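**Q** Chains as they are written, first to last, in my numbering: chain S, 24 to 341; chain P, 24 to 341; chain C, 24 to 341; chain B, 24 to 341; chain W, 24 to 341; chain U, 24 to 341.
Treat the hints with care, since some could be wrong.
Any copy will do: because identical chains look the same in the list, a pair fits if it lies in one copy or spans two.
[Said to hold, decoys possible] Once the Cα atoms are required to be at most 30 Å apart in a straight line, the calculated BS3-like pairs of lysine-lysine come out as: (1) K107 with K141; (2) K340 with K240; (3) K240 with K82; (4) K56 with K73; (5) K56 with K174; (6) K56 with K240; (7) K82 with K162; (8) K82 with K141.
Since the hints were made in silico from the structure, they are not lab data.
As the structure is a prediction and not an experimental result, all values here were calculated from the model.
6 protein chains.
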Amino acid sequence: MKQINQLAPQDEFIGFYLIRELTVKQTNGNPPKDYFDIVLSDSSGQLSAKYWDASAADKETFFPMGLVKVQGLAHLYRERLQIKIIKMRPAADGDGVSLTDFIRSAPIRPVDLIYAIKQAMGSISDPEIRTIVAYCVGKVEEKLMHYPAAKTHHHAYFAGLAYHMARMLEIGDFLCKQRPFLNPDLLKAGIILHDIAKPEEMIAELGIVSDYSVQGKLLGHIAMASSWITEAAIRSNIDLASPKVLGLQHLVLSHHNLGEWGSPVQPQTAEAVALHHIDAMDAKLQMVEDALDTTPENEEWTPFIRGLENKAVYRMKL
Amino acid sequence: MKQINQLAPQDEFIGFYLIRELTVKQTNGNPPKDYFDIVLSDSSGQLSAKYWDASAADKETFFPMGLVKVQGLAHLYRERLQIKIIKMRPAADGDGVSLTDFIRSAPIRPVDLIYAIKQAMGSISDPEIRTIVAYCVGKVEEKLMHYPAAKTHHHAYFAGLAYHMARMLEIGDFLCKQRPFLNPDLLKAGIILHDIAKPEEMIAELGIVSDYSVQGKLLGHIAMASSWITEAAIRSNIDLASPKVLGLQHLVLSHHNLGEWGSPVQPQTAEAVALHHIDAMDAKLQMVEDALDTTPENEEWTPFIRGLENKAVYRMKL
Amino acid sequence: MKQINQLAPQDEFIGFYLIRELTVKQTNGNPPKDYFDIVLSDSSGQLSAKYWDASAADKETFFPMGLVKVQGLAHLYRERLQIKIIKMRPAADGDGVSLTDFIRSAPIRPVDLIYAIKQAMGSISDPEIRTIVAYCVGKVEEKLMHYPAAKTHHHAYFAGLAYHMARMLEIGDFLCKQRPFLNPDLLKAGIILHDIAKPEEMIAELGIVSDYSVQGKLLGHIAMASSWITEAAIRSNIDLASPKVLGLQHLVLSHHNLGEWGSPVQPQTAEAVALHHIDAMDAKLQMVEDALDTTPENEEWTPFIRGLENKAVYRMKL
Amino acid sequence: MKQINQLAPQDEFIGFYLIRELTVKQTNGNPPKDYFDIVLSDSSGQLSAKYWDASAADKETFFPMGLVKVQGLAHLYRERLQIKIIKMRPAADGDGVSLTDFIRSAPIRPVDLIYAIKQAMGSISDPEIRTIVAYCVGKVEEKLMHYPAAKTHHHAYFAGLAYHMARMLEIGDFLCKQRPFLNPDLLKAGIILHDIAKPEEMIAELGIVSDYSVQGKLLGHIAMASSWITEAAIRSNIDLASPKVLGLQHLVLSHHNLGEWGSPVQPQTAEAVALHHIDAMDAKLQMVEDALDTTPENEEWTPFIRGLENKAVYRMKL
Amino acid sequence: MKQINQLAPQDEFIGFYLIRELTVKQTNGNPPKDYFDIVLSDSSGQLSAKYWDASAADKETFFPMGLVKVQGLAHLYRERLQIKIIKMRPAADGDGVSLTDFIRSAPIRPVDLIYAIKQAMGSISDPEIRTIVAYCVGKVEEKLMHYPAAKTHHHAYFAGLAYHMARMLEIGDFLCKQRPFLNPDLLKAGIILHDIAKPEEMIAELGIVSDYSVQGKLLGHIAMASSWITEAAIRSNIDLASPKVLGLQHLVLSHHNLGEWGSPVQPQTAEAVALHHIDAMDAKLQMVEDALDTTPENEEWTPFIRGLENKAVYRMKL
Amino acid sequence: MKQINQLAPQDEFIGFYLIRELTVKQTNGNPPKDYFDIVLSDSSGQLSAKYWDASAADKETFFPMGLVKVQGLAHLYRERLQIKIIKMRPAADGDGVSLTDFIRSAPIRPVDLIYAIKQAMGSISDPEIRTIVAYCVGKVEEKLMHYPAAKTHHHAYFAGLAYHMARMLEIGDFLCKQRPFLNPDLLKAGIILHDIAKPEEMIAELGIVSDYSVQGKLLGHIAMASSWITEAAIRSNIDLASPKVLGLQHLVLSHHNLGEWGSPVQPQTAEAVALHHIDAMDAKLQMVEDALDTTPENEEWTPFIRGLENKAVYRMKL
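Using the sequences plus the hints, can you model the full thing?
**A** This is how it looks when you write it as structure tokens:
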């Protein structure tokens with residue numbers, strides 16, 4: 024079975040794919056006829072596809088995020104590869120295919136990522152900080168297994184958020200060793216909490232964000248996480264006036280660094296400065312790595328990357 | 024007894040004044056002698072003053088924010104009026120003077136402002152919104168009687184914050200009548216809550232802010248008030264997921280309108296848009312009125328006003 | 024007769040509508056055939072429509088801004104409702120329909136808006152200010168009956184400009200009562216004059232701006248209104264050096280507040296500061312109200328609104 | 024008689040100088056004594072000076088912008104050259120000195136500059152444009168003989184404004200020859216009118232601006248000049264709707280290029296684009312030339328120049 | 024033979040044109056058929072064209088940047104003129120047509136432009152500066168005959184870069200005469216060198232830039248030219264520490280004036296300030312002239328011009 | 024001998040200190056007398072000091088950056104600690120004190136820093152990259168032993184530049200292990216080269232920058248380092264068109280990330296993105312650490328730090 028990124032013009036093929044997007048359109052004819060404008064994907068990439076003469080029954084059968092078995096023909100349309108779907112049916116239980124095989128995903132298993140995060144959480148020596156972090160993680164624990172870190176910006180795939188946390192924890196560990204003036208408890212807590220409300224800010228399935236939630240739009244994940252810390256402290260009988268609560272809320276509130284990037288206050292503790300830079304470093308380098316990975320090996324330049332001053336990245340070969 | 028703004032060069036006078044600032048300095052002579060560099064004020068304004076040859080006893084007797092009886096001489100120094108203090112003693116109980124007579128203050132009595140705010144609070148028809156507002160007001164009720172609304176920006180005087188709220192409530196009432204699509208409960212609540220955490224963000228005495236609190240610097244009054252709403256809901260058994268909690272937090276979080284002005288989200292409800300404009304209108308017009316009031320009647324231009332694009336205001340006379 | 028916003032898929036209908044836009048296009052066939060791509064509207068909204076096989080005669084008969092009687096079929100095209108026009112003829116005198124019934128319009132009759140504006144103008148106590156205002160209003164009086172306040176930004180409908188003025192005058196009245204240091208003559212004059220040149224800056228018909236005039240592009244309504252005040256003063260023998268002329272020109276020139284928003288000077292009188300904030304408050308709240316009104320009741324979010332930091336507004340329901 | 028820029032430490036000298044600034048100050052002693060803190064200048068530069076023990080009579084005798092005969096001693100104070108004034112008296116009629124010998128001035132005589140400007144004005148072939156230009160020049164003709172072009176920014180000296188105009192006219196002539204698509208009438212008129220209201224925007228004496236006028240602050244020279252064109256057209260019976268009036272107002276209004284630099288509209292005619300660049304080129308190059316001229320020959324770097332991105336200019340020697 | 028800009032609807036014509044762009048598309052039919060979407064151009068302008076039913080042979084015959092003989096029909100499509108190609112064949116040697124007759128080109132012959140540039144270069148009196156300039160010109164001499172100055176911004180046509188240099192040299196000559204404090208050697212060298220690396224920064228053919236080179240993207244023409252000066256000095260045994268090398272590199276590095284426009288340092292010598300303003304003046308005025316030239320004479324407004332604050336230019340007629 | 028940061032009011036002391044700044048001033052008396060306004064420092068901090076009645080011989084004896092033996096008295100002046108110098112003489116050879124004991128310095132010995140840098144350089148596997156890096160390091164090797172990384176921004180002390188490099192190399196090592204898609208040769212080379220021209224951009228002694236060099240101002244360290252790479256390649260017979268030269272120049276040119284921060288191009292390779300974030304992380308965290316170290320332990324807040332959005336850092340204690 025051919026992966027999406029291995030198809031070439033004039034290939035006829037049969038395989039299983041994910042319908043990532045599906046729109047019913049009509050031909051320009053008189054009378055117009057319905058057809059499907061589809062995006063087919065697997066874990067290697069995605070392609071445009073047409074399914075002509077969609078019947079009423081077809082319209083009740085095929086939906087976005089459904090797995091399908093496709094007989095198709097790859098051809099060039101306006102100089103880009105496109106698929107003409109000849110036959111298509113929904114995948115059935117007996118087909119032995121699973122949605123998660125067809126989506127882009129962090130390179131480490133979610134269960135291992137969660138394990139690493141919990142290890143870090145368990146290693147926080149201050150019990151009150153550990154309790155607050157655990158309370159907040161508990162609110163989204165199930166979603167942490169699969170949520171992306173953002174809609175498109177970075178780590179926008181299955182378990183991307185947990186992957187972002189786990190890698191930041193590694194950088195944080197390194198920095199605490201290199202610079203002992205940093206407080207490891209605060210830095211670990213800040214890394215785990217900084218984006219902890221993202222699963223409630225965004226609506227996502229299979230690592231793909233379809234929209235922001237109402238709460239996400241009206242409050243944003245930064246203010247939400249800050250309120251969760253308040254809630255955690257009250258529920259756990261931790262003094263709201265404690266410097267620990269203050270320190271954790273400051274880490275969360277300031278981690279975007281500037282007001283125009285969404286932070287109502289700027290970093291003013293050593294760990295808050297560190298957190299912002301660890302976050303930026305991991306996000307930007309992951310953007311670069313992901314862009315290079317999903318750009319065909321023979322192309323020198325990736326597409327433009329919004330988070331990198333809208334520049335493309337060059338595949339430097341020495 | 025002459026008011027500060029009535030003194031003229033060569034006036035000899037006796038009166039009670041407030042020591043707003045006091046610094047011990049030393050003359051350039053060899054050996055240098057100590058003297059006091061003082062700012063004397065009353066409710067009409069303030070002036071620089073010198074108290075030469077300060078003794079060790081004087082240094083234990085006179086402090087900022089103390090009332091004193093002064094025998095002095097007004098004279099010009101570098102073209103500006105200055106006071107030479109000939110004799111000075113702390114005001115005593117029998118003098119019948121009170122600190123509050125000597126400071127700048129809102130033009131309406133604090134007790135009346137608080138009454139107006141409580142009236143508005145009581146007129147909120149939704150009991151949960153009313154409860155949340157009352158809880159938050161309760162946290163700072165005593166300070167509301169005297170806190171300014173800002174360090175220097177606007178309403179920077181005794182009870183300035185309550186005055187700001189009360190006047191905004193008047194504008195809000197007018198707008199709800201003019202535009203019935205606005206929800207009066209939300210708008211009143213938003214007006215009362217938007218700056219409710221300022222008394223904990225700033226350290227003030229007698230209407231004068233000396234500094235921001237640690238919490239004020241690390242969290243800011245916007246995130247603090249948002250967390251107070253969470254706290255109020257939990258303590259009052261109101262569902263944290265209620266649209267009322269969401270609506271109130273959105274009002275508080277968005278009222279500065281832009282990220283670079285400190286709001287992590289932008290106004291996205293009708294009442295949030297209204298709140299921002301009511302806040303701006305009241306603050307800016309009060310800046311203008313206060314600047315004109317404290318500029319001598321015979322001067323055409325006020326000093327530059329930072330909040331008005333750093334422009335001076337012209338006293339237009341037709 | 025069904026209103027546009029009541030049509031549902033598969034409705035067959037007959038009714039009168041306005042052709043808001045009409046473009047002659049050609050099918051992709053060989054040879055291509057002409058058809059009309061039309062936007063039909065009434066006061067409740069607008070919809071895309073196709074009129075296939077447009078004849079040469081049709082092309083001489085149907086034009087934008089014409090009223091037509093339509094027999095049509097509503098259907099979904101690319102998931103959005105669209106009209107297929109089966110038959111169509113121009114409305115005739117005997118049909119008893121009038122253009123103004125088919126366009127979006129201020130919620131108050133133009134004649135009442137003009138009356139309110141003239142009342143305000145008549146209440147200006149200073150005769151020279153009143154004369155200048157009257158002269159400028161006189162230049163565009165006829166257009167004030169129907170001009171919008173902007174192309175798309177706000178109050179973009181029939182008599183939108185007069186509606187904007189009338190509502191601002193209400194806010195101005197309130198503020199002058201709340202803050203007696205404001206000069207009512209100047210504030211009323213400022214409100215009436217601030218956008219008075221817009222009818223010459225823009226080319227509009229039935230409340231719809233098709234373009235800016237050459238003068239509008241090269242001078243802008245702010246500089247135009249400022250020159251009109253000069254003209255008014257000369258024609259009425261009012262001293263050009265009078266502080267009244269200066270005060271009025273300052274109000275007009277500064278009302279956009281910042282250079283990047285088109286004001287060559289910033290507000291530097293109390294009334295100029297007030298004018299800017301009244302203008303902003305009325306424009307922004309009207310954007311919100313209009314967006315909510317024209318968004319179907321069952322949708323939570325309005326479209327993005329450029330003038331509100333490009334945010335959508337949430338229909339908060341408590 | 025020594026020029027200011029020729030004085031060296033320990034020089035004793037007698038000469039005539041201009042009191043550019045004079046402030047009465049008091050020594051720190053007890054009792055303090057009055058002395059004068061003075062800035063003495065001639066056409067070569069300026070220096071700080073002290074006049075100790077100023078008597079009551081002295082305070083009635085010496086004022087800023089007065090010529091004085093000085094017996095003085097140059098010495099170093101805090102590593103900078105300063106003058107101790109030993110004796111001083113006002114210059115008398117018989118002294119044969121004239122204020123204009125003591126101030127910085129354009130390198131060409133005002134009468135010649137005015138002649139060049141009038142020549143250019145006379146060479147405008149369109150009679151209506153010529154009439155409007157002449158009317159506006161007529162309003163400030165006397166002041167054109169001596170006004171600077173700005174307070175400090177550029178050409179800030181005697182007849183600086185006329186010098187700026189005359190040099191811009193030379194560049195304009197060159198450009199019209201190099202690029203015949205430019206209309207010389209419009210370009211000449213634009214050059215002469217663009218800053219024509221500056222003499223009413225600023226209050227200046229002897230080429231030194233002391234302040235902006237009320238009109239200058241509230242309207243700005245750009246809007247003032249635009250209104251003058253309206254006035255000129257009305258007084259000369261030129262149709263206000265003429266493209267000539269429009270073209271001239273556009274030139275004036277747009278010459279600062281951007282809103283944040285004070286232009287309510289951006290250049291949209293060929294001549295308006297040319298005018299902006301001629302203005303910028305002449306102003307910036309004159310800043311450079313003047314900074315190099317007034318920096319001692321042996322210093323490599325001029326002071327920082329605000330109009331040149333706040334950079335210093337290096338005296339490159341090859 | 025009709026020029027592109029003379030064609031009118033319903034004209035049938037035969038002539039030679041350049042295929043500026045060619046894309047193979049497919050009709051919406053089932054099965055879809057291939058056709059060519061073409062842009063035809065000559066030196067007077069360009070138009071869209073369709074070539075229906077493109078055969079396999081056609082797809083091997085016709086390519087962008089090829090000259091063709093066309094029999095066609097002009098008609099209106101969506102209100103814009105379009106060409107239906109009836110017959111088409113590649114131009115043959117015997118046709119006597121040459122590519123360079125069909126492209127937009129500087130109004131002066133390349134050979135004359137190069138001559139002017141070399142004259143200026145030869146007139147540099149300092150032998151080391153002259154040597155460095157000659158070395159850098161030598162690196163791109165062949166490309167200078169035809170390269171444009173930019174992709175779309177300005178002088179985007181055959182020999183546009185040489186034309187830009189030649190015209191700037193004229194302005195430079197004028198300025199050196201008007202302001203003798205400028206060093207003509209440095210200014211000439213700066214003009215010739217400022218964009219000298221553009222032919223290596225961009226990939227162009229026939230005056231049309233298809234892309235930036237890898238080096239162009241990763242280094243930019245400013246840093247490239249700066250390194251070329253280093254290279255020139257080393258190869259010519261000129262001291263790298265010489266003020267001449269420093270002065271030339273400063274001219275190149277600073278000529279975009281601001282960091283956000285690509286200059287790592289700001290102009291800090293007289294000639295660098297001059298160079299920036301000469302560059303801006305020539306580029307902007309050429310944009311205006313070219314926009315007016317390529318806009319049909321009967322249209323009042325050019326398209327929007329990105330480099331002119333995205334404004335259109337008005338064809339002012341007096 | 025007391026360290027500067029251990030002195031308390033009324034301490035009389037004798038010790039060796041560095042004269043960091045010395046200005047000859049004059050008392051306000053008549054006649055004025057010369058005195059020295061001095062900044063005394065050692066490795067623990069610095070204090071203001073006065074040396075009254077400076078004789079002509081004193082003025083020839085004491086200079087900035089000289090070591091002196093001081094007998095002094097610490098006292099409060101305007102609420103800050105100040106030193107009155109009673110006696111003072113230059114340190115002599117026999118005193119056994121050395122300049123380097125009195126200045127602020129990186130916490131690791133320069134020789135060890137240089138060793139670490141050379142180790143990293145030696146571990147570059149590509150011989151051409153290694154050669155280029157070695158050539159550039161060779162140009163400033165002696166200065167690398169003591170130069171600071173900036174004038175005030177960060178690492179502004181003895182060997183600060185080498186310390187910055189060495190710590191960045193550690194982060195780079197960690198990142199290359201965490202993310203194997205990064206090329207270690209390029210990243211090491213980028214870290215060593217990115218600020219390599221700073222010793223020629225700035226004029227420094229003992230870790231203190233007194234000014235920028237002429238070359239530093241006119242070219243900046245970024246363009247200088249880029250040219251050094253050109254020079255290194257030419258001198259070492261490495262092809263200028265090699266991707267290695269291109270990659271190294273891109274790293275240097277882009278490391279400030281944005282044009283407004285001095286980079287003419289933005290990072291467009293993986294290693295360039297990494298380099299920018301390593302640089303920012305090390306610089307910002309060092310600012311925080313240094314600010315906390317030099318703020319007395321009992322103060323909660325450091326001074327404002329320009330490079331951290333001008334915020335102070337809070338000494339969080341849990």
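**Q** None of the hints should be skipped; say for each whether it holds.
**A** Okay, the hints, checked on the actual structure:
In this homomeric assembly, K107 and K141 never come within 30 Å of each other (Cα to Cα): the closest approach is 46 Å inside a single copy and 59 Å across copies. When the C-alpha separation of K340 and K240 is checked against a cutoff of 30 Å, the pair qualifies only between copies, where the shortest distance is 16 Å, while the shortest distance within a copy is 43 Å. With identical chains, the CA atoms of K240 and K82 are never at most 30 Å apart, being 32 Å at best within one copy and 47 Å at best between copies. Both within a single protomer and between protomers do K56 and K73 lie at most 30 Å apart by alpha-carbon distance, with minima of 13 Å and 16 Å respectively.
In the homo-oligomer, the alpha carbons of K56 and K174 never lie at most 30 Å apart, since the shortest distance is 34 Å inside one protomer and 38 Å across protomers. With identical chains, the CA atoms of K56 and K240 are never at most 30 Å apart, being 38 Å at best within one copy and 46 Å at best between copies. With identical chains, the CA atoms of K82 and K162 are never at most 30 Å apart, being 37 Å at best within one copy and 58 Å at best between copies. Taking the shortest Cα distances, K82 and K141 never come within 30 Å of each other, neither inside one copy (44 Å) nor across copies (59 Å).
Hint compliance for this structure: hints 1, 3, 5, 6, 7, 8 are not met, and every other hint is.
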